Amino acid sequence: MDESSILKELADAVVACDPPRAKKAAETALSAGMDPVKAINEGLVVGMGVIGDNYAVRKMYLPQVLVAAHSMYEGLDVLIPAIPKDENISAKKAITGVVQGDVHDIGKNIVKTMLTAAGFMVDDLGKDVPPQTVVDQMLADQSEVVCLSTLMTPTMDNMAKAVQLIAQSGYRDKVIITIGGPPTTDAFAEEIGADHRDENAQQCVKFVNSKV
Amino acid sequence: MAMSCRDRVIAALNQESLDRPPVAVFTTCDTIGMMEKCGASWPEAHSDPQKMATLACAQADYFGLESVRAGFCLTEEAEALGCPIDMGTSRSSPMLKGHPFTYNPMKKIYDEPDNLPDIDEFLKTGRVKTAIDAMAIMQKTHGEDYVIVGGNTGPFTLTGHLLNTENLVYSVWTEPERAQKWVGAIAPYCKAFGQAMLDNGADLIQMSEPSASTDILAPTDFPVQSGQFVKDCLGSLPGYTILHICGDSAPIIPYMLDTGADGISVEEKVPSEKAVEIANHRGCLVGNVGCAFPLFKGTPADVEKAAKQGSGESHQGGVNEESQLSPAIYSSIG
Numbered sequence: 001m002d003e004s005s006i007l008k009e010l011a012d013a014v015v016a017c018d019p020p021r022a023k024k025a026a027e028t029a030l031s032a033g034m035d036p037v038k039a040i041n042e043g044l045v046v047g048m049g050v051i052g053d054n055y056a057v058r059k060m061y062l063p064q065v066l067v068a069a070h071s072m073y074e075g076l077d078v079l080i081p082a083i084p085k086d087e088n089i090s091a092k093k094a095i096t097g098v099v100q101g102d103v104h105d106i107g108k109n110i111v112k113t114m115l116t117a118a119g120f121m122v123d124d125l126g127k128d129v130p131p132q133t134v135v136d137q138m139l140a141d142q143s144e145v146v147c148l149s150t151l152m153t154p155t156m157d158n159m160a161k162a163v164q165l166i167a168q169s170g171y172r173d174k175v176i177i178t179i180g181g182p183p184t185t186d187a188f189a190e191e192i193g194a195d196h197r198d199e200n201a202q203q204c205v206k207f208v209n210s211k212v
Numbered sequence: 001m002a003m004s005c006r007d008r009v010i011a012a013l014n015q016e017s018l019d020r021p022p023v024a025v026f027t028t029c030d031t032i033g034m035m036e037k038c039g040a041s042w043p044e045a046h047s048d049p050q051k052m053a054t055l056a057c058a059q060a061d062y063f064g065l066e067s068v069r070a071g072f073c074l075t076e077e078a079e080a081l082g083c084p085i086d087m088g089t090s091r092s093s094p095m096l097k098g099h100p101f102t103y104n105p106m107k108k109i110y111d112e113p114d115n116l117p118d119i120d121e122f123l124k125t126g127r128v129k130t131a132i133d134a135m136a137i138m139q140k141t142h143g144e145d146y147v148i149v150g151g152n153t154g155p156f157t158l159t160g161h162l163l164n165t166e167n168l169v170y171s172v173w174t175e176p177e178r179a180q181k182w183v184g185a186i187a188p189y190c191k192a193f194g195q196a197m198l199d200n201g202a203d204l205i206q207m208s209e210p211s212a213s214t215d216i217l218a219p220t221d222f223p224v225q226s227g228q229f230v231k232d233c234l235g236s237l238p239g240y241t242i243l244h245i246c247g248d249s250a251p252i253i254p255y256m257l258d259t260g261a262d263g264i265s266v267e268e269k270v271p272s273e274k275a276v277e278i279a280n281h282r283g284c285l286v287g288n289v290g291c292a293f294p295l296f297k298g299t300p301a302d303v304e305k306a307a308k309q310g311s312g313e314s315h316q317g318g319v320n321e322e323s324q325l326s327p328a329i330y331s332s333i334g
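Residue numbers (this note's numbering), protein chains in the order written: chain R, 1 to 212; chain Z, 1 to 334.
Hints were generated in silico from the structure; no laboratory data involved. Be aware that one or more of the hints could be misleading.
[To be verified] Chain R regions said to be covered by chain Z (calculated; three or more residues, Cβ under 8 Å):
| hint | segment |
| --- | --- |
| 1 | 63-69 |
| 2 | 102-114 |
| 3 | 146-155 |
| 4 | 183-196 |
The structure presented is a predicted model; accordingly, all values stated were derived computationally and were not measured. Ideal Cβ placement from N, Cα and C applies to all residues, glycine included.
Let's have the full structure, built from the sequences with the hints guiding it.
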């Protein structure tokens, strides 16, 4: 298999939602001596981009996105350990989390996947995350991006609190903050001092890439 | 003579003539102010039938809304079927803290739905029983003037609570029959809970099925993975029924109506004119004043504008009785 065929196979395996095929394509890439970063960026990420674009316009739905993401991660599990450690140091860092009081994390997980596909090192704080934990982890990671999510109206206050604590930490001008989830709006993002309200994961990645 | 609140809601559900669309809530609308006024607050009101009934009726007593509804979350059935729950506070809803069954389609490790609790025992368990008991209290105090609404969880959503929603959704792509088998096994619990609330005083069952929204399932998956089971566990009930699905439900409105629910409840993401057109008189439409905006973050004028838009006034020059669209006022007014 030549390089372009391997890259195409990596992308196709993700689009086909076929985790074993993606893993095998990643192993083939390494066996062929391919740069793992190239295999990720020009193979797996290309495939995930196709999925993300189709999801954003509702030509694909969450079941496919989840299986495609699993396919991408199967490939990443093979390729990432082969990357020389100093090449990882320059990766952009992002934090994702569902704010305290809420455990609905599917949307956040898609954002995490798309940020990973865009080359970010994502520290996923999970769900029901206290505002102070967001700040503490952001400072510990020296993150460039914080993405917060909530599905419910009552927990919007904890989103505001997290942004407020980030501002008080003295780190606000070093980080891009985006928020998402059904009850959030552009006006709410502006009100609490976030930089952007994400309509979907693709839009989130597009925004943070334009800023970081 | 003006219609009573109860008569107005029932007339809307029957698609009969109205003096005006009812301002009724079928989902939840509890606010801190409401809790302070009536003396029954979360989290206690989730577990105490009298407090649950008091808070449920506060939406009529203090806010003047035209229906009364309990319970206040979508975790009652999940808890009764084994999910660990954090009961939250007066300001936060109960949260699922885990799933009692193993269902991992990535590793292909699954529990089968063979050892579920006895349905009669389920109805006597925890907050399922609380809600059933609350219906009798609500019927006694408010049944003459208001429609008594019992809320429950849709079968796809409840199955996701028990298994892990993300894993259930994953399997819709990889093993759709396995997903359907589980949802089909859970649906009888939804039906029994709805039936028990009707038997104990509820007039109407409002089922929420958020995990089957078009943000998650493809519209073509909805009837297979959720709709057919909702038809059995909601549409076949002997009382009034409303199916609520979040997000842009326009593509699945015909499927929602196929479930046999008397009403379908839509969010503000579905323009009311579009919903009316798609529904084509097949059922009562409920919606679509947004809970975050305008109710939580807007002004009274914003709410009025949205309500008029929802009822057809703004685009047809008068209340559109043909549409039978009832503006449902959600949380945080007052």
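Consistency of the hints with the structure:
no.	hint	result
1	63-69	holds (count 4)
2	102-114	holds (count 6)
3	146-155	holds (count 4)
4	183-196	holds (count 6)
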